[in-house]
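Q: The primary structure of each chain is shown beneath.
There are 2 protein chains.
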Amino acid sequence: MGEYGTPNIDIEEGYITITHNGRTDTLPYPKQASSFYHLSKVHDSNNIAFTCKAWGIRATDLNQGVVYGVRTDETEMHEELYNRFDYDGIFGTALNRFCVQAAVGHPLTVYGKGGQTRGYLDIRDTVQCVELAIANPAQRGEFRVFNQFTEQFSVNELAKLVTKAGEKLGLDVQTISVPNPRVEAEEHYYNAKHTKLIELGLKPHLLSDSLLDSLLNVAIEFKDRVDTKQIMPNVSWRKIGVKPKTVAA
Amino acid sequence: MGEYGTPNIDIEEGYITITHNGRTDTLPYPKQASSFYHLSKVHDSNNIAFTCKAWGIRATDLNQGVVYGVRTDETEMHEELYNRFDYDGIFGTALNRFCVQAAVGHPLTVYGKGGQTRGYLDIRDTVQCVELAIANPAQRGEFRVFNQFTEQFSVNELAKLVTKAGEKLGLDVQTISVPNPRVEAEEHYYNAKHTKLIELGLKPHLLSDSLLDSLLNVAIEFKDRVDTKQIMPNVSWRKIGVKPKTVAA
Numbered sequence: 000m001g002e003y004g005t006p007n008i009d010i011e012e013g014y015i016t017i018t019h020n021g022r023t024d025t026l027p028y029p030k031q032a033s034s035f036y037h038l039s040k041v042h043d044s045n046n047i048a049f050t051c052k053a054w055g056i057r058a059t060d061l062n063q064g065v066v067y068g069v070r071t072d073e074t075e076m077h078e079e080l081y082n083r084f085d086y087d088g089i090f091g092t093a094l095n096r097f098c099v100q101a102a103v104g105h106p107l108t109v110y111g112k113g114g115q116t117r118g119y120l121d122i123r124d125t126v127q128c129v130e131l132a133i134a135n136p137a138q139r140g141e142f143r144v145f146n147q148f149t150e151q152f153s154v155n156e157l158a159k160l161v162t163k164a165g166e167k168l169g170l171d172v173q174t175i176s177v178p179n180p181r182v183e184a185e186e187h188y189y190n191a192k193h194t195k196l197i198e199l200g201l202k203p204h205l206l207s208d209s210l211l212d213s214l215l216n217v218a219i220e221f222k223d224r225v226d227t228k229q230i231m232p233n234v235s236w237r238k239i240g241v242k243p244k245t246v247a248a
Numbered sequence: 000m001g002e003y004g005t006p007n008i009d010i011e012e013g014y015i016t017i018t019h020n021g022r023t024d025t026l027p028y029p030k031q032a033s034s035f036y037h038l039s040k041v042h043d044s045n046n047i048a049f050t051c052k053a054w055g056i057r058a059t060d061l062n063q064g065v066v067y068g069v070r071t072d073e074t075e076m077h078e079e080l081y082n083r084f085d086y087d088g089i090f091g092t093a094l095n096r097f098c099v100q101a102a103v104g105h106p107l108t109v110y111g112k113g114g115q116t117r118g119y120l121d122i123r124d125t126v127q128c129v130e131l132a133i134a135n136p137a138q139r140g141e142f143r144v145f146n147q148f149t150e151q152f153s154v155n156e157l158a159k160l161v162t163k164a165g166e167k168l169g170l171d172v173q174t175i176s177v178p179n180p181r182v183e184a185e186e187h188y189y190n191a192k193h194t195k196l197i198e199l200g201l202k203p204h205l206l207s208d209s210l211l212d213s214l215l216n217v218a219i220e221f222k223d224r225v226d227t228k229q230i231m232p233n234v235s236w237r238k239i240g241v242k243p244k245t246v247a248a
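The listed protein sequences derive, respectively, from chains S and A.
Take the first sequence: its letter number 87 is residue 86 in numbering that gives the first Met the number 0, and every next letter is one higher.
Take the second sequence: its letter number 37 is residue 36 in numbering that gives the first Met the number 0, and every next letter is one higher.
Next up, chain S with everything else stripped away, as it sits in the complex:
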């Protein structure tokens, strides 16, 4: 979903019908990536769209939101199947990071004003969406785009949810605002469509108290493995030439 940026109009699934000077066309939805990571996805989308047109390839572009959670039915079968759980400033995603921060007693790190709103989904829904896309392939020559998320949250909303869930487990959860290392709007309109995967049969696992409890409990269970030096963001998009800090061994 980071391909879209935060336009001041509704985000559609890949295409938008535009009426302009009395004529109408349905065109690729304008992309406004805000990192080279997201730009690389924009480039992929543009390249693949062309190959569909030129050579009749079938493609489904899953524009995925921010994933949270760590367990699926399969990984839960044995501890050795547990997945990685990223909590650092580069690979960690907002909700997962907040759970680890709450577990180790670190204040939740809200970047800037915290009004940044994005689409989120449970890791179990990620797997379900990929399965649905494969089971229901695109038409020949079709470049199909699905917005793959189930709910929208702002960073401040997530911080509040984790604070409340932490209190129930006896944790004293604080929140701090840290200077935003990214270049992004911190207060903005956000309304992204996400109906196509639902139409194919996606049954969302919405964010619930029990999921939050279980995420926090995973973080608490393994909190001795957390390297707290990885918690604060140490790559800044704002300052040219700032390099990730290397931690002495």
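Quick caveat, the hints were computed from the structure, so don't treat them as lab data.
Here the structure is a predicted model, which means the values were calculated and not measured.
A hint or two may mislead.
A pair holds if it fits inside one copy or across any two, identical chains being indistinguishable in the list.
To be verified - No farther apart than 25 Å at their CA atoms in a straight line, the calculated lysine to any residue pairs in the SDA-like style are these:
1) 52 x 34
2) 52 x 116
3) 192 x 18
4) 52 x 110
5) 52 x 42
6) 238 x 191
Got chain S sorted already, so can you dock chain A onto it with the hints?
A: Quick look at chain A alone, frame taken from chain S:
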């Protein structure tokens, strides 16, 4: 200009204001590149737009149309300063190719129906536009897009102009339709804006009889250097795995 493709609405200069579900925003104009050559430019534009936002870089993205002509005031000062004149299916551009074809007695090669319409400009205006963009830089953090062409023509219109100009010089100019090696619309709406460079002071050299005469005369003067095996297109976007024919030395 190939970044834009051939949308069914007017092409603006880099950005379009869209009203959608009651809200309005000005967003990057949707791009629909129809070759990897044009895709590489789309990627450049997206990357540079991000760097302007993130680091306040000033950038002007010159979305140039199809260039014709070969001489500028400077290269005309001595024969050894003459520029290259591409007439092959890869580097050659429509009007220049037609002039060489007319000069050597090869039928003009119209791809498919010939309704393909694009923005064109004289090579002298290319130089003028680059100079104007440098002399009038973008604001700090601005990603500015100029559509750099002066007139629109369809391929059929160009073939007619060259036929007429050739007749005046005593050439018998024929036209053939060859299977289109590209994947592109052969009949389509096309109306692209190009006012920003004019506002900065561009004085266009529009396509005139005298320019066509001079182009044809250059082609006739050097026609003994033409390798006629390079005239027909030999790279097809339609067939996967078709490679350019190599010509035995």
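Q: Now tell me, hint by hint, if it's right for this structure.
A: A quick look at each hint next to the structure:
1. 52 x 34: between (27 Å within a copy, 10 Å between copies)
2. 52 x 116: Between copies only: 19 Å across chains, 33 Å inside a chain, cut-off 25 Å.
3. 192 x 18: Answer is both: 20 Å inside a copy and 16 Å across each meet the 25 Å cutoff.
4. 52 x 110: between (41 Å within a copy, 18 Å between copies)
5. 52 x 42: both (16 Å within a copy, 18 Å between copies)
6. 238 x 191: neither (30 Å within a copy, 38 Å between copies)
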